[in-house]
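Engineer: Sequence:
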Amino acid sequence: KYKTVETEDMNNRGMTLHGKLLAMTVITLAALAALFTVLLINGKSQMMDDRQAKVRNLVEVAHATLAHYEQQARDGKLSADEAKKAAATAVRTMRYDKIEYFWINDLNDTMVMHPIKPELEGKKLDQIKDKNGKFLFVEFNQVVKTKGAGFVDYLWPKPGAEEGVPKISFVMGFEPWGWVIGSGIYVDDVEAKFRSDAIKLLLWGLAIGAFIAISSFLLSTNVLRTLGG
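Residue numbering for the sequence shown follows our numbering, starting at 1311 and increasing by one per position.
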């Protein structure tokens, strides 16, 4: 009878130990998953913040180019039309990251200058939309009219391609001429990097999780064996 009670007590303690170790393992794995998720989200957010800061700073530089030629017109060194033409020509040749560019449209939804799609120049833009149905130039002008400057995300083809990919643009109004100058950076590589990092962290998570689970199992087995369970 004594041995029966002792055996039952050992079994109960074994079940309790197994349960505690299992709970610790589950909590540890959940914390690990939460940590990896936070790292992924923060990493993607930081990449997007860096892209936004970069394109905003570059548009501000191009905006200063417009201001320079507008000052030339106010000083009488150029006529208003000459200043606009010179400003548009200067911005047309500006590039960064080899393929990125600037465009200029006006607040009446008409394209003033687009170096990649010159066929748009002089045409109305209010019906141009991406494949998700966003009227992007209308959106650009709305941002400028309400905020003076801001970001707009949409889909737009890369140079030489037809299929639209994710892009984020910063647009800034140039009040003296009623222009809007903008530039955008493709962010499809951010999504690709996010997926790549997610796969890597998942594999690491599985490896670490398996190690923790196996270690917990061996630990509990060894303790129970020591206790006589």
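Just so you know, these hints were derived from the structure itself, not from any lab. Warning: the hint list may mix true and false statements.
Stated by the list, open to error - With a cut-off of at most 20 Å between alpha-carbon atoms, the simulated SDA-like pairs for lysine to any residue come out as follows:
#1 K1408 x K1354
#2 K1354 x G1519
#3 K1427 x E1410
#4 K1354 x K1427
#5 K1364 x T1375
Engineer: Each hint: holds or not?
Structural biologist: Results for each hint:
For the hint linking K1408 to K1354, the alpha-carbon distance of about 23 Å lies beyond 20 Å, and the restraint is violated. Simply put, K1354 and G1519 have alpha-carbon atoms about 24 Å apart, too far for the 20 Å limit, and the pair is violated. Proximity of K1427 to E1410 is assessed by CA-CA distance (about 13 Å); at most 20 Å being required, the pair is judged to hold. The suggested pairing of K1354 with K1427 is violated, with an alpha-carbon distance near 31 Å, which exceeds 20 Å.
Distance hint between K1364 and T1375 is fulfilled; the C-alpha atoms sit about 17 Å from each other, no more than 20 Å.
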